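Participant: The chain contents come next:
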Amino acid sequence: MSAPVDAYARLVRQGPGAALARRLGAPRPTALRRWEAGADLLTGPALVLGIGAAPLAADVSRWLAAAGARLADAEAATDDRFGAVVLDASAVRTTADLAAVREPLAPAFRRLAANGRVLVLGALVADTTTVEAAAVQQALEGLVRTLGKEARAGATVNLLRVGEGAGEALRGPLEFLASARSAFVSGQVLEVGPARGGDAARASAGPRTAVVTGAAQGIGAAVAEVLARSGTHVVCVDLAAQGEQLARVANRVGGSALHLDITAASAPAALAEHLLRRHGGADVVVHNAGITRDRSFVNLDEAGWASVLEVNLRAPLRLTEGLLAREGALRPQARVVQLSSINGIAGAKGQANYAASKAGVIGMVRALDARLAASGGAASAVAPGFVETAMTARMPLLPREVGRRASSLQQGGLPVDVAEAVAFLAGPAAAGISGQVLRVCGQNLLGA
Amino acid sequence: MSVPADPAAAPVPEGRLPRRAAILGGNRTPFARAGGRYAEASAQDLLVAAIDGLVARFGLAGEQLGEVVAGAVLKHSRDLNLTREAVLSTALSPRTPTYDVAQACGTGLEAAVLLANKIALGQVESGIAGGTDSASDAPIAVDDGLRRVLLALQRARTPQQRLAALSRFRPRQVVPATPRVTEPRTGLSMGEHAARTALQWHVSREDQDLLALESHRHLAEAYERGFFDDLLTPYLGLRRDDNLRPDTSLEKLAKLRPVFGRDEEGPATMTAGNSTPLTDGAAVVLLASDAWAAEHRLDVLAHLVDAQTAAVDHVRAGEGLLTAPVFAVPELLRRNGWTFDDLDLVEIHEAFASTVLATTAAWEDEEFCRTRLGLDGALGTIDRKKLNVVGSSLATGHPFAATGARILASTAKLLAERGGGRALISICAAGGQGIAALVEAP
Chain Y
86 MSAPVDAYAR LVRQGPGAAL ARRLGAPRPT ALRRWEAGAD LLTGPALVLG IGAAPLAADV
146 SRWLAAAGAR LADAEAATDD RFGAVVLDAS AVRTTADLAA VREPLAPAFR RLAANGRVLV
206 LGALVADTTT VEAAAVQQAL EGLVRTLGKE ARAGATVNLL RVGEGAGEAL RGPLEFLASA
266 RSAFVSGQVL EVGPARGGDA ARASAGPRTA VVTGAAQGIG AAVAEVLARS GTHVVCVDLA
326 AQGEQLARVA NRVGGSALHL DITAASAPAA LAEHLLRRHG GADVVVHNAG ITRDRSFVNL
386 DEAGWASVLE VNLRAPLRLT EGLLAREGAL RPQARVVQLS SINGIAGAKG QANYAASKAG
446 VIGMVRALDA RLAASGGAAS AVAPGFVETA MTARMPLLPR EVGRRASSLQ QGGLPVDVAE
506 AVAFLAGPAA AGISGQVLRV CGQNLLGA
Chain G
141 MSVPADPAAA PVPEGRLPRR AAILGGNRTP FARAGGRYAE ASAQDLLVAA IDGLVARFGL
201 AGEQLGEVVA GAVLKHSRDL NLTREAVLST ALSPRTPTYD VAQACGTGLE AAVLLANKIA
261 LGQVESGIAG GTDSASDAPI AVDDGLRRVL LALQRARTPQ QRLAALSRFR PRQVVPATPR
321 VTEPRTGLSM GEHAARTALQ WHVSREDQDL LALESHRHLA EAYERGFFDD LLTPYLGLRR
381 DDNLRPDTSL EKLAKLRPVF GRDEEGPATM TAGNSTPLTD GAAVVLLASD AWAAEHRLDV
441 LAHLVDAQTA AVDHVRAGEG LLTAPVFAVP ELLRRNGWTF DDLDLVEIHE AFASTVLATT
501 AAWEDEEFCR TRLGLDGALG TIDRKKLNVV GSSLATGHPF AATGARILAS TAKLLAERGG
561 GRALISICAA GGQGIAALVE AP
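Chain order of the listed sequences is Y and G.
Residue numbering for the first sequence is 86 to 533, as defined by the working numbering.
Residue numbering for the second sequence is 141 to 582, as defined by the working numbering.
Pulled out of the complex, with its shape left as it was, chain Y reads as follows (with noise of 0.2 angstroms):
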């Protein structure tokens, strides 16, 4: 089990400090459980329940099953508490089918352990024939976000939409939802469909490429260590200047340095040269460089407008396009993960220039996916919430603890949380998943 991420978290973990807050009702955010090497799937057994015909239960059960869970029955008389629990709710069309949900799922909820899961699986509401059961299917959203702010210690839950034809491509976001490795992902709805390229394409994975630009620190060089560790090589991207940080980072995972500022014109070739000749192309390629220059937008002048806008909006696409012209440095069924930011969803003080860049790249990926789905590719943006950075730690007091205690989990995320979802969008367990936007924000309040 991992320590409170913060000072806060401690002080009200345990002593006069555990009863202060609980009497006042104060947050005590709980140590999250995280993705660790030969770990169990979930921290108790799982129980699958269905909504009438519930077409994906039994597959459901089988995954998680070969996941190494152990499946619970709902009847047993027995205090285990649920590492998770799925509620397939895919066949739910009517009101009455709705109303069905809550018998089963609520003493379920209850029982739920510490750093459990919660997932609801739905159905596409694009793929729904009536106005009811679009209504019905859109009323899931509605109950998986209250659920995400009910739960507690470090619970999560999350609302996976299955379109018709999706099969074994429910099996990758299944498993990453209902692991450690979502440990700071709730409240989220996440988009189902068939596997791009084909479940074939998916199995001939061999060691793949990735890069990711800002690698020295931060997220970037967790995203590094993260993609690391199932095998693929880590071309980490940095200024000149971070060579220092950027060389320790690429030893550590395995992988290599390349000095390269993203803003330069010649930026977009150069990566495309180095890739095709030292790699043979690349299979994922990370956005993650960005900056922040915050001033209210009446005071924001031409640089500190520009500058932001250069480098975390203008790069990526420049980098792409440069990456597209060259045939070649793309290999089949590219992923491209853009950071994006809650902040570029719901806006925020003084970082206009900041929310538009990443409300931007939100635009940029959509736009991308389908001109990579012609190749079995695919764009997807991750948006963190509050997390655990040097960026975050210049922050002031005030901000910073609002920041870290506005959302669900009630902390702050760490750069890993994001990385590990950046892996999973880049990995092919997300096949099925292009175009969207993942959220890892704790169910932050801002921007839901």
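Think of the hints as simulated: they come from the structure by calculation, not from any bench.
In this text the structure is predicted, and so the values were computed from the model without any measurement.
Be aware that one or more of the hints could be misleading.
To be verified - Covered by chain G, per the in silico footprint, the following chain Y stretches (three or more residues, Cβ under 8 angstroms): (1) 92-101; (2) 265-277; (3) 324-331.
Claimed, not checked - With beta-carbon atoms standing in for the labels, derived distance ranges: (4) G:Pro237 / Y:Gly123: 58 to 64 angstroms; (5) Y:Ala92 / G:Leu220: 54 to 60 angstroms; (6) G:Gly366 / Y:Arg314: 47 to 53 angstroms; (7) Y:Arg155 / G:Gly262: 55 to 61 angstroms; (8) G:Asn221 / Y:Arg314: 49 to 55 angstroms; (9) G:Gly175 / Y:Arg479: 54 to 60 angstroms; (10) Y:Ser392 / G:Gly366: 58 to 64 angstroms; (11) Y:Gly365 / G:Ser217: 57 to 63 angstroms.
From the three backbone atoms N, C-alpha and C, an ideal C-beta is built for every residue, glycine too.
Here the structure of chain Y is known, so what remains is to put chain G in place on it, guided by the hints.
Facilitator: Then chain G, alone, in the frame of chain Y:
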């Protein structure tokens, strides 16, 4: 742009070597003036940083290379296995063998030549060569008299013997012996030697200052265009050589007072501006066979064609201490059938501006070339537009053993940038020695 390595297209072996070693790239720390940014870093720390930067650049973490060859001029007695101990601290496989070499300022280039020769002979397929030096962390030894007293004391068996040993102790022996940049056989500093050579070849103050200015300008320009982005990794927060003075001028250089040659009969011309300072830093190059490069999908920047060392008699014959390359280069060119006209780039290590100018003056002197080099006439003139085009030691500084690898990596990259060509590297060294090498684009 460099040409991709392709074993099938490997050049037919030329000359006397079965095959040529390929230079794939390099890495160095920025160089820091002694007592500055790296004051607390040891020569070993610097070497580790240089190697780790190279390993990161070429994705060699965990890789077992043929060997790592390096050395240091200012070496602590505890550093008998300097390179091995450094490698054990890097990301390379601990199963990578190493050895140390020492040839004063020629160390870095000599290390590369030794490794290249093993590659040429097929004894190893890949390796790293270079050098490191910290003038800040220089070894300080106890006074030699005191050392003898202590050794005698250790040998002593009886109280009488101990007393006898102690009786040889003198209070002045507590003053430690610090390393000096003086020649043991002449007692003259390297600068004093160079000043004599400058007078002999009538090297003017103006020419020396101009060369120093060009060195700083060239280095500053190279940094500006990102030339060093893949040749250098920042260390301890330093991103560029801190000896670099991009804004220096002939006026500023002309104001400096001469520091060497003030006791000579003739004008003293050598200043702190046209001489290299004591410097800390490390540099390494990655060498391999063409086949190894192709296997690792690495481009060959250039090949190390051949090398030649020479030494002069600076003790009895009064030859210029730093003029050995004057003799090494013509022999090297002759053996390979090259002339100055074949060269696209020339790198002459700037120990002092006067060293470079005396060297080129000697090659231009018909009489000298005939009588001393055994040539028919003057060896030729070095086109200044081809000389030290990205700056050299006057601007970067000169951590003795690191200089050879710095020059070799930059030269190989320059040739790759040109898309072809030939280069000469010439480095003078203490003890009246010198080493020269020929490099050619693939």
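Participant: Indicate, hint by hint, whether the structure satisfies it.
Facilitator: Here's how the hints hold up against the structure:
1. 92-101: With 0 residues close enough to chain G, the hint is violated.
2. 265-277: violated (count 0)
3. 324-331: holds (count 6)
4. G:Pro237 / Y:Gly123: 58 to 64 angstroms: At roughly 35 angstroms between Cβ atoms, Gly123 of chain Y and Pro237 of chain G fall outside 58 to 64 angstroms, so the hint is violated.
5. Y:Ala92 / G:Leu220: 54 to 60 angstroms: About 48 angstroms separates the Cβ atoms of Ala92 of chain Y and Leu220 of chain G, which means 54 to 60 angstroms is violated.
6. G:Gly366 / Y:Arg314: 47 to 53 angstroms: 33 angstroms, violated
7. Y:Arg155 / G:Gly262: 55 to 61 angstroms: 59 angstroms, holds
8. G:Asn221 / Y:Arg314: 49 to 55 angstroms: 35 angstroms, violated
9. G:Gly175 / Y:Arg479: 54 to 60 angstroms: 33 angstroms, violated
10. Y:Ser392 / G:Gly366: 58 to 64 angstroms: The hint (58 to 64 angstroms, Cβ to Cβ) is violated, given that Ser392 of chain Y and Gly366 of chain G are roughly 19 angstroms apart.
11. Y:Gly365 / G:Ser217: 57 to 63 angstroms: 49 angstroms, violated
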